[in-house]
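**Student:** Listed in order, the protein sequences are those of chains A and B. Residues 1 to 100, numbered by full-length UniProt numbering, are exactly what the first sequence covers, in order. Residues 1 to 97, numbered by full-length UniProt numbering, are exactly what the second sequence covers, in order.
Please note that a few of the clues may not be correct.
[Unchecked claim] Okay, derived cross-link-like pairs now, DSSO-like style, lysine-lysine, Cα gap no bigger than 27 Å in a straight line:
no.	chain 1	residue 1	chain 2	residue 2
1	B	LYS84	A	LYS11
2	A	LYS52	B	LYS57
3	B	LYS94	B	LYS84
4	B	LYS57	B	LYS45
5	A	LYS60	B	LYS45
[Said to hold, decoys possible] Heads up, incomplete: computed chain A residues facing chain B, CB under 10 Å, no partners named:
no.	residue
6	LEU17
7	ASN19
8	LEU21
9	ARG34
10	ASN61
11	MET73
[As the list claims (entries may be wrong)] Counterexamples of contact, computed for chain A against chain B with all Cβ distances above 10 Å:
no.	residue
12	ILE10
13	PHE50
14	GLY51
15	LYS52
16	ARG68
17	GLY90
18	PRO93
Honestly, the hints are just simulated from the structure, not real lab data. We put the beta carbon where it would ideally sit given N, CA and C, even for glycine.
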Amino acid sequence: MPNARVLRDIKARQGVLQNELLRRAYLYVARDQRQPPQVRHQAQLQLNTFGKYTRPTTVKNRCIESGRGRGIMSEFGLCRFQFRLKALNGELPGVRKASW
Amino acid sequence: SVAPSALAALNRVRCQIFQTAYNPTSIRTGAKYLRRRLRGPSMVKYYPPYEALSIAKIMKQYPEWDIVDEAEQQRLRDIEDKKKRGKGAPKKAKARG
Chain A
1 MPNARVLRDI
11 KARQGVLQNE
21 LLRRAYLYVA
31 RDQRQPPQVR
41 HQAQLQLNTF
51 GKYTRPTTVK
61 NRCIESGRGR
71 GIMSEFGLCR
81 FQFRLKALNG
91 ELPGVRKASW
Chain B
1 SVAPSALAAL
11 NRVRCQIFQT
21 AYNPTSIRTG
31 AKYLRRRLRG
41 PSMVKYYPPY
51 EALSIAKIMK
61 QYPEWDIVDE
71 AEQQRLRDIE
81 DKKKRGKGAP
91 KKAKARG
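Pulled out of the complex, with its shape left as it was, chain B reads as follows:
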């Protein structure tokens, strides 16, 4: 009924009026890569900040609070027990040459 040339002209004017992308031949423009959201910021937030807050830092900053690091004390106690049993760390080897 309507000539295809008229339809094509209508499409062109329509895109001009409404400010949409005009692509009558459906050629690949690469616009889909521009449309994708950026992933960088979300990627960087994956790991929690390394050593942002540790007991050692608080102990150094507020020495008057007398904080005791339980994990560290337990570790030292374990080392003492091992030494009593004769299972302490061996002496460092002196490298010759």
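For reference, chain A alone in the conformation it holds in the complex:
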């Protein structure tokens, strides 16, 4: 059973996927200088009404093994300790101890 925080993150990602087009459309209208200011303002207010599980800023890469929020290496999706465990075990292709 994944972490509670990981479940929240999954929920946020799905929300972002569903609302991305709508948000993009509102953003376009809100940033278009050719539109009258009232229309732009209305679009910006609509953007503000979106809940937190629809905003891409709420999405955070977490460790896929442990659910840790910090120290994530994005190439592997693992936190630093899980990365170390797997790398020493040989489960990460092409990763070996550095020495130079």
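Given the structure of chain A, go ahead and fit chain B onto it with the hints provided.
**Tutor:** Below, chain B without anything else, positioned relative to chain A:
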């Protein structure tokens, strides 16, 4: 040499012919937000599917294969050892009211 009005007219006709965006005053149109690629599909694929395939599922589906879940057996053995040592889980407290 060439009048700026002529150049502006040329720009307008050029954009019309080649079907490009005509923006002589360089006003911000918000087109850059439309040009950006969508991030939703790649975001959703980040976590591996939760419990897509587990030993318990295979055991239930093919009971004739007689699969033994080593991790589960080890866990049960650890619990038995702890009980022998007197370190088992304490009795559940009966809540009064």
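**Student:** Of all the hints numbered above, which does this structure not satisfy? Sort the numbers upward.
**Tutor:** 1, 2, 11 and 12
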